[in-house]
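Enquirer: Chains as they are written, first to last, in the working numbering: chain A, 1 to 314; chain B, 1 to 201.
Worth double-checking, as some hints may not be accurate.
Stated by the list, open to error - Listed below are the simulated DSS-like cross-link pairs for lysine-lysine, each with C-alpha atoms no more than 25 Å apart in a straight line: (1) B:LYS60 with A:LYS312; (2) A:LYS311 with B:LYS164; (3) B:LYS164 with A:LYS86.
Unchecked claim - A short, non-exhaustive set of chain A residues, derived as facing chain B with CB atoms under 8 Å: (4) VAL84; (5) ARG181; (6) VAL270; (7) ARG274.
To be clear, the hints were calculated from the coordinates, so they are not data collected in a lab. Everything numeric in this text was worked out from a predicted model, so none of it was measured. The beta carbon of each residue, even a glycine, is placed where N, CA and C say it ideally should be.
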Amino acid sequence: MLIKTATDLNESDVTPFDIYQQRRRFLQSGIAIAGAAIGGSLLSPAASASLPLGQVKPGPFSTDEEKTPFEDVSSYNNFYEFGVDKSDPARNAHKLQTDSWSVTVAGEVAKPGSYTLEDILKPHALAERIYRLRCVEGWSMVIPWIGFPLADLIKRFEPTSKAKFVEFETLYDKKQMPGQRRHVLDWPYREGLRMDEAMHPLTLIAVGLYGNVLPNQNGAPVRLVVPWKYGFKSIKSIVKIRLRETQPTSSWTKSAPQEYGFYSNVNPNVSHPRWSQKRERRIGELRKRKTLMFNGYQEQVASLYTGMDLKKYF
Amino acid sequence: MQKQLIKPVVFIACLLPLIVLGWQLYAGLLGANPIDEVADSTGEWTLRFLLITLTATPLKRLFGRAWTIRIRRMLGLFAFFYVCLHLLTYLWLDQFFDWGEIWLDILDRPFITLGMLAFVLLLPLVITSNNFMMRRLGRNWKRLHRLAYVIPALGVLHFWWLVKADVLEPLVYGVVLAILLGSRIKAGFAVKNTTQEGCAS
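Assemble the whole structure, with the sequences as input and the hints as a guide.
Expert: Right, dumping it as structure tokens:
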């Protein structure tokens, strides 16, 4: 199989940051207007605004499978920070303020510090990548993300030789994220990757989907996308990135270590203790389909786990 | 309310959850994953009807109205009706009648084992819910129908083991069940005490 690379992108393909910012601002004002107009109805507020993220080039590794409609992608979300029902995030995520967002970079890096979203995004060429997303609950989607490789970002902070893992943290603010008022998980939400997983070309930092900036309920303004792992590994609304020598503990692992391992690679041969992972329902389809090893990205990522017992390291 | 009106009114009220669910399904109001919603909704209504059925006796004790007992059988049968829809959703729309997979689920997944057990235990209650069987079983009928206390407990546990992290909803059902069962223990003691007093006098 031919693995295309992103080297055919050049400076002109980059969505300039000011355009990105304009889009976000437009989206936010759109949310305010829509929010006032519909007065807390079930309509997803973010879905009412739709300005494109400028010109975005198609990126590598995209699937040509039928995309899950935007309405479903932006209304069926697991984002417990906004409530535990799938429909809660679309209803509550307008409370999230993505203006003046910054990301703290810490740990085993030569360039730690607090970076504004502009600092984070500016040098990177945004591209569209259409990935499968498989939730640990047994459903899946196909989503056209817009983003850039996490590896490119991490390199800029110059990891030291001690950097073996990357830990991410979601915003913790009960005012903006009302779901955090209840102790459903040990807030803030944390996730982690092994360094080679983080540096893999499939691993994406996403800022948009379907040509627009990310709706809040999908993890605005900046999130992780790791398509060969169960969806909960792809942490949303990131405020902290820490390079570490030791393996971090993910929120779901902390909550139920026998059910959610650190790796959580999509694997039809390893059941969740309470349900089978052999099949999945693609959102919008009636019949279930077989779940693929590494969510169908076996060719790209299987080598990361050579010699590992994936039943033990689930 | 007119006595003869109570039963048809309650009957229609018990069908409302299904009518609403059917409408939501038809109108596309169940979101991106309607089958999961149908499974969840029919399961929760089963649990609700099991609990509502258990309110008949305490309500009669509280308000002295016998009609709550007269509709108890119908309420119980509606619990069975909703659990049939729930089970059918699982067998058909979740497993597509793949009996091998279903059997593995029953063996390997405690929450499914429990759900199936609760369903099986409900069957003798449904079969013996008519007047003929009531008369025939005599005292044993009451003994058998004490399963109505066990089945909702299995239902609550079935729900509890299904949720990922947030146990609030199954907890609420569990607390309601505990109150309903607790009221019976209390009432049982009260009855015992009065009979003892009666004997003494």
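Enquirer: Evaluate each hint against the coordinates.
Expert: Hint-by-hint comparison with the structure:
Pair hint LYS60 of chain B plus LYS312 of chain A does not hold up; C-alpha atoms about 56 Å apart against a cutoff of 25 Å. Straight-line distance between C-alpha atoms of LYS311 of chain A and LYS164 of chain B comes to about 21 Å, which keeps the hinted pair within the 25 Å bound. Between LYS164 of chain B and LYS86 of chain A, the direct Cα distance comes to roughly 13 Å. Compliance with the 25 Å bound is thereby established for this hinted pair. With a cut of 8 Å, the hint placing VAL84 of chain A at the interface with chain B holds, because the nearest CB-to-CB distance is about 4 Å.
At its closest, the beta carbon of ARG181 of chain A sits 12 Å from a beta carbon of chain B; the interface hint therefore is violated under the 8 Å criterion. Interface restraint check: VAL270 of chain A against chain B, minimum CB-CB distance 13 Å, threshold 8 Å, status violated. The interface hint given for ARG274 of chain A is met, as the beta carbon of that residue sits about 6 Å from the closest beta carbon of chain B, less than 8 Å.
Figure legend: structure checked against the earlier numbered hints; hints not met, in rising order: 1, 5 and 6.
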